[in-house]
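So the sequences go chain by chain: B and U.
When we follow the working numbering, the leftmost residue of the first sequence carries the number 271, and every step to the right adds one.
When we follow the working numbering, the leftmost residue of the second sequence carries the number 95, and every step to the right adds one.
As a list, the in silico DMTMM-like pairs of lysine to aspartate or glutamate whose alpha-carbon atoms are at most 25 Å apart:
1) B:Lys407 - B:Asp383
2) B:Lys307 - B:Glu440
3) B:Lys307 - B:Glu295
4) B:Lys391 - B:Glu463
5) U:Lys104 - B:Glu380
6) B:Lys508 - B:Glu519
7) B:Lys307 - B:Asp343
8) B:Lys407 - U:Glu106
9) B:Lys302 - U:Glu171
10) B:Lys407 - B:Asp396
11) B:Lys508 - B:Glu558
12) B:Lys302 - B:Glu346
13) B:Lys391 - B:Asp462
14) U:Lys104 - B:Asp396
15) U:Lys104 - B:Asp383
16) B:Lys391 - U:Glu106
17) B:Lys294 - B:Glu440
18) B:Lys407 - B:Asp446
Simulated from the structure, these hints should not be mistaken for laboratory data.
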Amino acid sequence: MAPPGAGRAGPSPGRTNVFPAEAKEIWKTYGKIQALKGVSLRVSSGEVLALLGPNGAGKTTLVRVLVGLLSPDRGEARLFGGDPRCWRSRRFLGVTPQETGFPPTLRVREVVDLVRAHYPKPAARDHLLEQFGLAAKAGRMTSALSGGERRRLSVLLAFAGNPNLVVLDEPTTGLDVEGRHTLWQAIRTFRDEGKAVLLTTHYLEEAEALADRVAILHQGRLLIEGTPEAIKARVGLKQVSFFAPGLPELSHAVRIERVGDRFVLYTSDADRLVVELMEKRVAFRELEVRPLRLEEAFLALTRGEA
Amino acid sequence: MIRLVFVHLKYELLALLRMPGFLIPSFVFPGMFFLMFAAPYLKTPETALKTTTSFMAFAFFTVVFFQYGVGLSQERENPWVPYLRTLPLPAGVRPAAYLLAGLLFALAAALLVAAVAGLATPFHLPAGRWPTLLAALVLGAVPHGLMGLSLAYLTRPRAALALANLIFLPLSYLGGLWMPPELLPGWARAISPWLPTRHWAELVWAASEALPWPAASLLALLGYAVFFALIATWAWRRGTG
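Only chain B is shown next, with the shape it has when bound in the complex (with noise of 0.2 Å):
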């Protein structure tokens, strides 16, 4: 499947092609554990991608070879075009570091200035303070954030330097309903620009409302990648549901769950089934059909029924 934006040029100055992150049939052994096996990802310009899968299920170690810090026992990463461990590759990323690490004893100033520092063209600093609403907090010691202020510096570091592609490791925990905002905003401005977003998330619903693909990772394994609509259809499943005193046996329902009177069946013909609902004479009351929410569909891929 071509992703969205390939053949756009990317930031490398004269060359044409190049997208911002890609990974080439990786794989990767801790120890007895196999982290990744042969994974291919392509991040574009101009999109949002989000990487999902259950824990252990290989995100952040394809994240950490794709960023330089790991290196694949076979395949290949690119970023930019270039080997992500080499310095030059990372001109144009941006990441976010773990909010428990900042030197204790720097101001969140200092600090952003630090990282500002490595970048040919980084973001104006007061501007990233303002956007981030770090403005107030910008003269405290870092050790003196509270959690939550500490998680949106973690972020803010991210955009310093005006990057082309930013990676976001589960950006939103921890973060409250206001900060969570601020950021889906700036991710979305960030987009708009041309410029990429690789975010790893837990919360489907994050991924639903921001990205353009969704690649789904289980066992170090690519299991599925494409729009969230895409993914959706893929698992070819409605959800009907309604409230019934009870159910006989049904062929078109694949799984049938109950809490109390309320029953939610999946289908993959959800005409059909509502016929045979009514063909049995079941008693059901406030009938719904509808597609699946990604969450949905997302376990029932990772449990393995699609």
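Starting from the known structure of chain B, arrange chain U on it as the hints suggest.
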């Protein structure tokens, strides 16, 4: 590249200056120990010169050994370091800044010893001998910094501080950094000539008296530097997998 070294040096120094737990032991203690335990007994210019320069080596040793031994082993567990590795940061920049910061602090601690000696003892070092003395101090700091580095890579952070003290205090004493080796007990005098600290002291004493540097000590320090460089490299590789 050079600009980035200075950026990192600036923030390294700033962070250290605001950390009294680091600053006071490594910067102030050598001068303080000198004032309490050595200065009262230094009545002649000769003994003052020898003991002051020994304590200057001790000051260098304190800073380089603890900064590399303990400082680096604690930094290994800090998630800030892998983050810095995702920045467009050439590989040599941080070690260079770290090294420069260590040398600047070591120099400051050694000059504090010299200043105390100038006030409290008949210590006098002719201006022309200062550059060779500083060269001897810096040269001897290399194997001892590498020794700290080996310790950092070989141990767990919690163990590093205790181990560093267990190594650091006997080496200082037996090497003659606190009192001339002639005054050590017999068993200590027997061990002393084998220790890197003793060879460092020999170099420093020779420099302070404008004598040629003893070739055996130069060679021994070089040997120790190679030895600890190999250990550090091996331990570092083992740690990164």
